[in-house]
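A.B. asks: As a plain string of letters, each chain reads:
Protein chains: 4
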Amino acid sequence: MKELTKKVVEFTQERDWDQFHSPENLAKSISIEAGELLECFQWNSEYDIEEVKEELADVMNYCIQMSNKLNLDIKEIVELKLAINAKKYPVEKAKGKPTKYNKL
Amino acid sequence: MKELTKKVVEFTQERDWDQFHSPENLAKSISIEAGELLECFQWNSEYDIEEVKEELADVMNYCIQMSNKLNLDIKEIVELKLAINAKKYPVEKAKGKPTKYNKL
Amino acid sequence: MKELTKKVVEFTQERDWDQFHSPENLAKSISIEAGELLECFQWNSEYDIEEVKEELADVMNYCIQMSNKLNLDIKEIVELKLAINAKKYPVEKAKGKPTKYNKL
Amino acid sequence: MKELTKKVVEFTQERDWDQFHSPENLAKSISIEAGELLECFQWNSEYDIEEVKEELADVMNYCIQMSNKLNLDIKEIVELKLAINAKKYPVEKAKGKPTKYNKL
Numbered sequence: 020m021k022e023l024t025k026k027v028v029e030f031t032q033e034r035d036w037d038q039f040h041s042p043e044n045l046a047k048s049i050s051i052e053a054g055e056l057l058e059c060f061q062w063n064s065e066y067d068i069e070e071v072k073e074e075l076a077d078v079m080n081y082c083i084q085m086s087n088k089l090n091l092d093i094k095e096i097v098e099l100k101l102a103i104n105a106k107k108y109p110v111e112k113a114k115g116k117p118t119k120y121n122k123l
Numbered sequence: 020m021k022e023l024t025k026k027v028v029e030f031t032q033e034r035d036w037d038q039f040h041s042p043e044n045l046a047k048s049i050s051i052e053a054g055e056l057l058e059c060f061q062w063n064s065e066y067d068i069e070e071v072k073e074e075l076a077d078v079m080n081y082c083i084q085m086s087n088k089l090n091l092d093i094k095e096i097v098e099l100k101l102a103i104n105a106k107k108y109p110v111e112k113a114k115g116k117p118t119k120y121n122k123l
Numbered sequence: 020m021k022e023l024t025k026k027v028v029e030f031t032q033e034r035d036w037d038q039f040h041s042p043e044n045l046a047k048s049i050s051i052e053a054g055e056l057l058e059c060f061q062w063n064s065e066y067d068i069e070e071v072k073e074e075l076a077d078v079m080n081y082c083i084q085m086s087n088k089l090n091l092d093i094k095e096i097v098e099l100k101l102a103i104n105a106k107k108y109p110v111e112k113a114k115g116k117p118t119k120y121n122k123l
Numbered sequence: 020m021k022e023l024t025k026k027v028v029e030f031t032q033e034r035d036w037d038q039f040h041s042p043e044n045l046a047k048s049i050s051i052e053a054g055e056l057l058e059c060f061q062w063n064s065e066y067d068i069e070e071v072k073e074e075l076a077d078v079m080n081y082c083i084q085m086s087n088k089l090n091l092d093i094k095e096i097v098e099l100k101l102a103i104n105a106k107k108y109p110v111e112k113a114k115g116k117p118t119k120y121n122k123l
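Protein chains in written order, with the numbering used here: chain A, 20 to 123; chain B, 20 to 123; chain C, 20 to 123; chain D, 20 to 123.
One or more hints might be untrue.
[As the list claims (entries may be wrong)] Chain B side only, calculated, beta carbon under 8 Å to chain D, not exhaustive:
no.	residue
1	39
2	47
3	48
4	50
5	54
6	55
7	61
8	62
Worth flagging that the hints you see were computed from the coordinates, not collected in a lab.
Yeah, the Cβ is synthetic: ideal placement off N, Cα and C, and Gly gets one too.
Isolated chain A, as found in the complex (with noise of 0.2 Å):
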């Protein structure tokens, strides 16, 4: 991961982005992303692998980018969040359901 957020960066900063890399703008450009990877399935549930392969890096490197801008560590803001929605979503209440936790 580190090795990959090292590429990442140096992509960036070859180009002089970082001047444009606020968070903010970060958050929008996962967002933008995030819409064209949904738009390989805008119509039904088959898919383009290719297409859905570029448009996922495409969020990854963005949120790449903003863990990096932040000083945030991946693993451990995700392994964060999985103990909270443990707390969330305790196994014998959340098992077998898509009910959101505070329908549970």
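Starting from the known structure of chain A, fit chains B, C and D onto it as the hints suggest.
C.D. replies: Chains B, C and D in isolation, oriented as in the chain A frame:
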């Protein structure tokens, strides 16, 4: 990354949620969470780092699940996309500009 | 509004696209187009008014289709929501503040 | 529509929120609310009509605000886009197919 993917997948399996996690539903989920992340920056560029952490983790969580579901290697697809973007945005043309490739 | 809805619906019917326009797919489409609208403002607050026009029209188009599909009257539901928001955001508490109701 | 726009704008003015409603922030808001609308359909195609109503109203509300802010007439821009789409998607080519214009 493999360790993290394993934890994310286990969380889902324990709750028998795999039945809901079609690629299509994961794409919707990434978009939904990206919207929540953007909400941290809705009215200005100030933000609560704790909220950003949680929302970014949610986006990453679903990205990890989608890559696992589709047997995609995150490192591989992000590097592949960097190579594609390097051609779309050659340093000498793109440097210091936020212009989209089709207008460069 | 009724006249506009009629035109939007006719466009769809002529192309036999009604089969793709489930409420779920329309919700995805609204999100996708909202992402394209946001892209007009991705890196700064400057924008091309012609692009904004087209993308805003796309979002509105799918909103009109969804309201038609679900037999919802746009004027009615927006006014209803204004009434709900008026309680969530009483003038004396919310004036001049961008704070979300649950933190007011 | 003019009457509805007037109500939406008054709601904002009473709260002195116009200062937050730049076109950019409204674009973010449309995306955020579109995500909440999509959440009504996150795990399956069933939905709670009351929730859908409120979220669709939120999207429309910000669309109305953006059109007002940019002096755009909703009917005009949607009709303009229909004319553009009619060329991209001629009936004889597009009928019964969900294919994007660049692949038709």
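A.B. asks: Hint by hint, say whether it matches the structure.
C.D. replies: Status of each hint after checking the structure:
1. 39: It holds, given that the least Cβ distance between residue 39 of chain B and chain D is near 5 Å, below 8 Å.
2. 47: Hint on residue 47 of chain B: holds, closest Cβ of chain D at ~6 Å, below 8 Å.
3. 48: Where the cut-off is 8 Å and the nearest Cβ of chain D is about 6 Å from residue 48 of chain B, the hint holds.
4. 50: This interface hint holds because 6 Å falls under the 8 Å limit.
5. 54: With a closest approach of 2 Å, the residue 54 of chain B hint holds.
6. 55: This interface hint holds because 7 Å falls under the 8 Å limit.
7. 61: With Cβ-Cβ at 6 Å, under 8 Å, it holds.
8. 62: Where the cut-off is 8 Å and the nearest Cβ of chain D is about 5 Å from residue 62 of chain B, the hint holds.
Comparing the model with each numbered hint stated earlier shows that all of them hold.
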